[in-house]
Amino acid sequence: MAADRAAAALGIGPGMSLADARARGPGLRSAEIDRAADAAALVALGRWMTRWSPVVALDGRDGLALDITGCAHLSGGEAALMADVSARLAGAGIAHRLGLAASLGAAWALAHVAPGRITRIEGGAEALEAGLAPLPAAGLRLAPEALRLLHRFGLTRIGQVARLPRASLARRFRSAGGETAAGDAAALADQVLLRLDQALGRLVEPLAPLGLPPEHAERLPCPEPLLDLAGIEAGLGRLLGRLAERLAAAGQGARRFRLRAYRADGVTAAVEIRTARPVRDPAHVARLFGERLAAIDPGHGIDLLVLEAEGVAAMETAPAPLGRGFAGAAPDMAALAALADRLAARLGPEAVTVTWPRASHLPEHAERAAPFTGELPDWSAPGALPPPGSAPRPLRLLIRPEPVEVVAELPDGPPARFVWRRVARRVVRARGPERLGPEWWRLGLAPRDFEDRARDCYAVEDSEGRRYWLCREGLYDDGRGALPRWRILGLFT
Amino acid sequence: MESHRTLTRPLRPAAAAVLDPALVSALAGGAARAARLALAGPAVPEGDVPALAAGLGRSGLHELVEARFGDMGAVAGFALAVLAGTAERAAAGPLVWIASAAAMRAHGRLSARGLAAAGGDPGRLLSVAVARPVDGLWAVEEALRSGAVAAVAAELPEAGFTATRRLSLAVAAAGVPALLLLPHDRAGASAAASRWRVAAAPSAPDPHDRLAPGAARWRVTVVRARAAPWAAGRSCELEVGDATHALRVVDRLADRPAAARAGPAGRGLPALAGGSEEALRRRA
Numbered sequence: 346m347a348a349d350r351a352a353a354a355l356g357i358g359p360g361m362s363l364a365d366a367r368a369r370g371p372g373l374r375s376a377e378i379d380r381a382a383d384a385a386a387l388v389a390l391g392r393w394m395t396r397w398s399p400v401v402a403l404d405g406r407d408g409l410a411l412d413i414t415g416c417a418h419l420s421g422g423e424a425a426l427m428a429d430v431s432a433r434l435a436g437a438g439i440a441h442r443l444g445l446a447a448s449l450g451a452a453w454a455l456a457h458v459a460p461g462r463i464t465r466i467e468g469g470a471e472a473l474e475a476g477l478a479p480l481p482a483a484g485l486r487l488a489p490e491a492l493r494l495l496h497r498f499g500l501t502r503i504g505q506v507a508r509l510p511r512a513s514l515a516r517r518f519r520s521a522g523g524e525t526a527a528g529d530a531a532a533l534a535d536q537v538l539l540r541l542d543q544a545l546g547r548l549v550e551p552l553a554p555l556g557l558p559p560e561h562a563e564r565l566p567c568p569e570p571l572l573d574l575a576g577i578e579a580g581l582g583r584l585l586g587r588l589a590e591r592l593a594a595a596g597q598g599a600r601r602f603r604l605r606a607y608r609a610d611g612v613t614a615a616v617e618i619r620t621a622r623p624v625r626d627p628a629h630v631a632r633l634f635g636e637r638l639a640a641i642d643p644g645h646g647i648d649l650l651v652l653e654a655e656g657v658a659a660m661e662t663a664p665a666p667l668g669r670g671f672a673g674a675a676p677d678m679a680a681l682a683a684l685a686d687r688l689a690a691r692l693g694p695e696a697v698t699v700t701w702p703r704a705s706h707l708p709e710h711a712e713r714a715a716p717f718t719g720e721l722p723d724w725s726a727p728g729a730l731p732p733p734g735s736a737p738r739p740l741r742l743l744i745r746p747e748p749v750e751v752v753a754e755l756p757d758g759p760p761a762r763f764v765w766r767r768v769a770r771r772v773v774r775a776r777g778p779e780r781l782g783p784e785w786w787r788l789g790l791a792p793r794d795f796e797d798r799a800r801d802c803y804a805v806e807d808s809e810g811r812r813y814w815l816c817r818e819g820l821y822d823d824g825r826g827a828l829p830r831w832r833i834l835g836l837f838t
Numbered sequence: 014m015e016s017h018r019t020l021t022r023p024l025r026p027a028a029a030a031v032l033d034p035a036l037v038s039a040l041a042g043g044a045a046r047a048a049r050l051a052l053a054g055p056a057v058p059e060g061d062v063p064a065l066a067a068g069l070g071r072s073g074l075h076e077l078v079e080a081r082f083g084d085m086g087a088v089a090g091f092a093l094a095v096l097a098g099t100a101e102r103a104a105a106g107p108l109v110w111i112a113s114a115a116a117m118r119a120h121g122r123l124s125a126r127g128l129a130a131a132g133g134d135p136g137r138l139l140s141v142a143v144a145r146p147v148d149g150l151w152a153v154e155e156a157l158r159s160g161a162v163a164a165v166a167a168e169l170p171e172a173g174f175t176a177t178r179r180l181s182l183a184v185a186a187a188g189v190p191a192l193l194l195l196p197h198d199r200a201g202a203s204a205a206a207s208r209w210r211v212a213a214a215p216s217a218p219d220p221h222d223r224l225a226p227g228a229a230r231w232r233v234t235v236v237r238a239r240a241a242p243w244a245a246g247r248s249c250e251l252e253v254g255d256a257t258h259a260l261r262v263v264d265r266l267a268d269r270p271a272a273a274r275a276g277p278a279g280r281g282l283p284a285l286a287g288g289s290e291e292a293l294r295r296r297a
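Chains Y and U, in that order, give the protein sequences.
With the numbering used here as the guide, the letters of the first sequence map in order to residues 346 to 838.
With the numbering used here as the guide, the letters of the second sequence map in order to residues 14 to 297.
If you're looking for bench data, these hints aren't it; they were derived computationally from the structure.
It is possible that part of the hints are untrue.
What the hints assert, rightly or not - Pulled from the structure, derived: some chain U residues nowhere near chain Y, Cβ distances all over 12 Å:
hint	residue
1	Val57
2	Ala119
3	Arg126
4	Gly149
5	Glu171
6	Gly173
7	Phe174
8	Arg178
9	Pro196
10	Trp231
11	Arg237
12	Arg239
13	Ala259
Said to hold, decoys possible - With the C-beta cut set under 8 Å, the calculated list includes, among others, these residues of chain Y facing chain U:
hint	residue
14	Leu419
15	Pro731
16	Pro737
17	Leu743
18	Ala804
Stated by the list, open to error - A short, non-exhaustive set of chain Y residues, derived as facing chain U with CB atoms under 8 Å:
hint	residue
19	Arg465
20	Arg691
21	Asp723
22	Arg811
A virtual CB, placed ideally from N, CA and C, is assigned to each residue, including glycine.
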C-alpha cells in the first residue's frame with residue numbers, strides 16, 4: 346500500500362490493511378496499484394533526468410540513479426546541482442529524497458535512510474566511512490534475512506558493521522545459521538560484505554543506464570522557457586552551429602542526430618533523424634529536422650534543449666564540383682546523399698533503397714533491397730547479372746507471389762489459360778519451361794513446402810499482349826509431397 | 014498546402030547555372046508564358062508521333078496513363094524504354110523510381126534483372142516507397158531539386174493540376190525529365206507537357222521460337238501534347254529493339270486500329286495461328 350500526503354497525515358502508510366486504513370479515514374479513496382504504469386512513469390522521469398547527466402539508471406521500483414561524473418559543473422557544482430534537481434522535481438509535483446556521494450551505495454543509503462531529505466557526503470573514502478557510520482544498516486541494500494541477522498547481533502549502524510573484522514562477520518553468520526543452511530549463511534555474509542564495499546567505494550559498481558550516452562552532445566539551457574516552434578527552431582540552429590564547429594575541428598560528421606527537449610513539468614520529447622552518410626552541415630541537418638520539430642509539444646515551456654550526435658565517423662570532404670557541365674560521368678554522391686536524407690526524414694528510414702546483387706539463381710532471392718547508405722551498388726561485376734541471351738526475367742516482381750488457376754493441355758505443358766485476380770486470360774504465346782532447381786544448399790534441410798521444390802517457369806503473353814511470369818512449383822513425380830501448384834511471380838513489360 | 018511551401022523558394026544557383034539566363038529571369042519573375050515555352054521541348058515535325066514518344070525521356074514532365082486496368086506493367090516498361098535512350102545522362106546520376114504502397118502491392122516492385130533486361134543499370138536505381146500520394150509528389154519535387162538525379166519516375170494514384178504545375182516548374186528548373194505513371198481512371202486537368210495512354214499490344218513471335226513472345230510492344234495514344242496540338246488523339250505502336258533498347262515503330266500508318274493491320278510475312282500471325290500453335294505443341 347502506498348499513501349499520499351493527506352492520507353499519511355491520518356497515520357495511513359505502507360504495510361497497513363485496506364480495512365484498517367478505511368477505519369482511519371472514512372472518505373478514503375483507493376485504487377489498485379498499477380505496476381506497469383508506475384514503471385513507465387519512472388522510465389519517463391528517468392529520461393527527463395538525463396538533463397543533468399546522460400547516464401541515468403533505474404533503481405528498484407521507485408528510485409533513479411544518476412552518474413554525475415563530469416556533469417556537476419554544468420549546474421555550478423554538486424550542491425547547486427542538488428538544489429536544482431530538488432527545485433525542479435518539486436516544481437513538477439514529485440515528492441523526492443536525494444543523496445549524493447562518491448559511490449552509488451553511499452548515495453543510496455543517504456537517499457533512503459539519512460535523516461534529511463537532501464544529503465551529500467563530500468570527499469573520498471575516509472569521508473564516506475565517516476559519513477555512513479551513523480546511518481542505519483538498512484541503508485546497505487540488504488536482503489531482509491541478512492538485515493534480521495545483523496539486528497540479532499546488535500549491529501544496527503553501518504559503522505558497527507564496517508568496524509567488525511570481515512572473517513568474524515562470516516563466522517557469526519554461520520554460527521547463527523540454526524534456521525538457515527550453512528551455504529545460505531555464507532552467501533548472506535558475502536552479500537553484506539559486498540554491499541559494504543560498494544557503499545564505501547572499495548568496489549566499483551556499474552550502472553545499467555536507460556540509454557547509452559551520446560558521442561557528442563550540446564546543451565542549451567533556456568532562461569526563458571520556449572513556448573513555440575519558432576523558439577525551438579532558433580535553439581536548434583544555435584546548437585547545430587556549436588556542434589558543427591566541434592565536429593569540424595575533429596574532421597568528423599555524424600549519422601544520427603537527436604534533439605531532446607526537456608519541459609519544466611517532467612516531460613521530455615525527443616526527435617531523431619538519420620542520414621545516409623556522416624554530415625555536419627547545420628543547414629542540411631536543420632532541414633532534415635524541419636517538419637518533425639512540430640511533433641515536440643512545448644506544453645508549459647521547454648527550459649533545456651540538448652542536441653546529441655551519434656554514429657560519429659570521419660567525414661569525406663571533397664571539393665565541390667565546378668558545375669554540372671564539368672562534373673563528368675560520376676554521380677554527385679554528396680547531393681544524392683542529401684536527397685536521400687531529406688526523403689528518409691519524411692518518409693521513414695526504410696523508404697529510400699538501392700538494390701544489391703545477391704548470389705542466387707532464384708530471381709526473388711537474387712537481389713536485396715537495402716536502405717541507401719551513400720553508396721550505389723555495382724552490378725557490373727561478373728555473375729551479378731545473367732549473361733545476355735539467357736531466359737527472360739520479369740520487369741516487376743510481385744511482393745508476394747499469388748496463386749493462379751491454370752488450365753494446361755498437358756499436365757506438365759505450358760498454360761493455355763489462367764485466372765489471376767478473378768480475370769480469365771487466354772495464353773497466346775508462351776516461352777518455357779525454364780526449370781529452376783531449389784537452392785542446393787538447402788537440400789539436406791527440412792523441405793519448406795513448395796519453396797524447396799523445383800519449378801518450371803513460363804513467360805506467357807495473353808490475348809491482349811500483357812505478359813506474365815508463371816511458375817509451376819513442384820514436379821509431378823518428384824516425390825516431395827503435394828501436387829504442383831501454379832503461382833504468378835512477376836510481370837513483364 | 015503545407016508540403017508545397019517550397020514553391021516560393023528562389024531557384025538554386027546550381028540549377029540556374031545551366032539554364033538560359035532569359036528563361037531564369039522569366040521563371041523567377043513568374044512569367045508563365047516563358048515557362049510554358051520552355052516546357053514544350055524540342056519541335057517535332059507534324060505527324061511524327063513516334064518521334065514525339067521518343068522525346069518523352071529527354072525533358073519535361075509527362076503523364077503516362079494505363080489504357081485499361083492491368084496495363085501498368087506495360088506503362089512501366091514503356092517508361093523505362095523512353096528513359097533508356099538517354100544513357101549518357103544515366104552515367105551522371107541515378108534514376109529515382111517513386112512508388113506508392115498501393116502501386117507496389119498491385120504491380121510489384123522493379124526487379125534488378127528485369128531493369129537490366131530493359132536497358133537500365135540496376136546500380137543506378139534509387140527506389141523510394143511512399144505511403145501517401147502527397148508524399149509521392151513531394152518526393153518527385155525533392156528529387157528534381159536535388160540536382161543529383163538523371164530522371165524521375167513516379168507511380169502514383171493521382172496528381173492534381175496544382176501539383177503537376179509545381180512539378181512542371183521544378184522540371185524546367187532542373188533540366189531533368191520526369192514521368193508520372195498514373196492509373197487508368199486518370200482524368201482532369203494537368204499542367205504536364207503531355208499525356209499518353211499506354212496499352213500492351215500483342216507481340217510478334219520470337220524469330221527463334223514461334224511459340225514464344227517476341228519483343229514487347231506498346232500501343233501509345235497521345236491524349237494531349239502542349240508542344241504538338243496536332244498529335245492529340247493519334248496513336249502508334251512501338252517496340253524496343255532487342256540489342257539497342259531503342260524504340261522503333263511497328264506500324265508507320267499511325268491512325269489505324271491495330272486489328273486492320275496486315276502484318277508482313279513472318280511478323281504478324283496468320284489467322285490460323287492458334288491451330289498451328291496447337292499442332293506444334295502437340296508435336297512437342
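Next item on the list: Could you let me know if the closest chain Y CB is still more than 12 Å away from the CB of Glu171(U)?
Entry: Since the minimum Cβ distance to chain Y is about 18 Å, Glu171(U) lies beyond 12 Å and the statement holds.
Check: Taking the closest Cβ pair, is Arg465(Y) under 8 Å from chain U?
Finding: violated, 51 Å
Checklist line | 12 Å Cβ clearance of Arg178(U) from chain Y | finding: For Arg178(U), whose nearest Cβ neighbour in chain Y is about 21 Å away, the distance exceeds 12 Å, so it holds.
Notebook entry, point to check: So is Pro196(U) really clear of chain Y, every C-beta pair being over 12 Å apart?
Noted result: Answer for Pro196(U): holds, closest chain Y Cβ roughly 15 Å.
Notebook entry, point to check: Is it correct that the beta-carbon of Phe174(U) has no partner in chain Y closer than or equal to 12 Å?
Noted result: At roughly 23 Å from the nearest Cβ of chain Y, Phe174(U) sits farther out than 12 Å, so the non-interface label holds.
Note to self: If I take the minimum Cβ distance from Gly173(U) to any residue of chain Y, is it greater than 12 Å?
What the structure shows: holds, 20 Å
Check: Given Pro731(Y) as an interface hint, is the shortest Cβ-Cβ distance to chain U below 8 Å?
Finding: holds, 7 Å
Notebook entry, point to check: Is the hint on Arg811(Y) kept, meaning its closest Cβ partner in chain U is under 8 Å away?
Noted result: Interface hint status for Arg811(Y): holds (4 Å vs cutoff 8 Å).
Next item on the list: Could you let me know if the closest chain Y CB is still more than 12 Å away from the CB of Arg237(U)?
Entry: The claim stands: Arg237(U) keeps its Cβ more than 12 Å from every Cβ of chain Y (closest is about 24 Å).
Next item on the list: Hold the hint about Pro737(Y) up to the distance rule: shortest CB distance to chain U must be less than 8 Å.
Entry: holds, 6 Å
Note to self: Does Arg126(U) clear chain Y by more than 12 Å, comparing its Cβ with all Cβ atoms of that chain?
What the structure shows: Violated: least Cβ distance 4 Å, not greater than 12 Å.
Notebook entry, point to check: Does the claim that Ala119(U) lies off the interface hold, with its Cβ farther than 12 Å from every Cβ of chain Y?
Noted result: The claim breaks: Ala119(U) does not keep its Cβ more than 12 Å from every Cβ of chain Y (closest is about 9 Å).
Going through the hint list in order, the structure does not satisfy hints 2, 3, 4, 10, 14 and 19.
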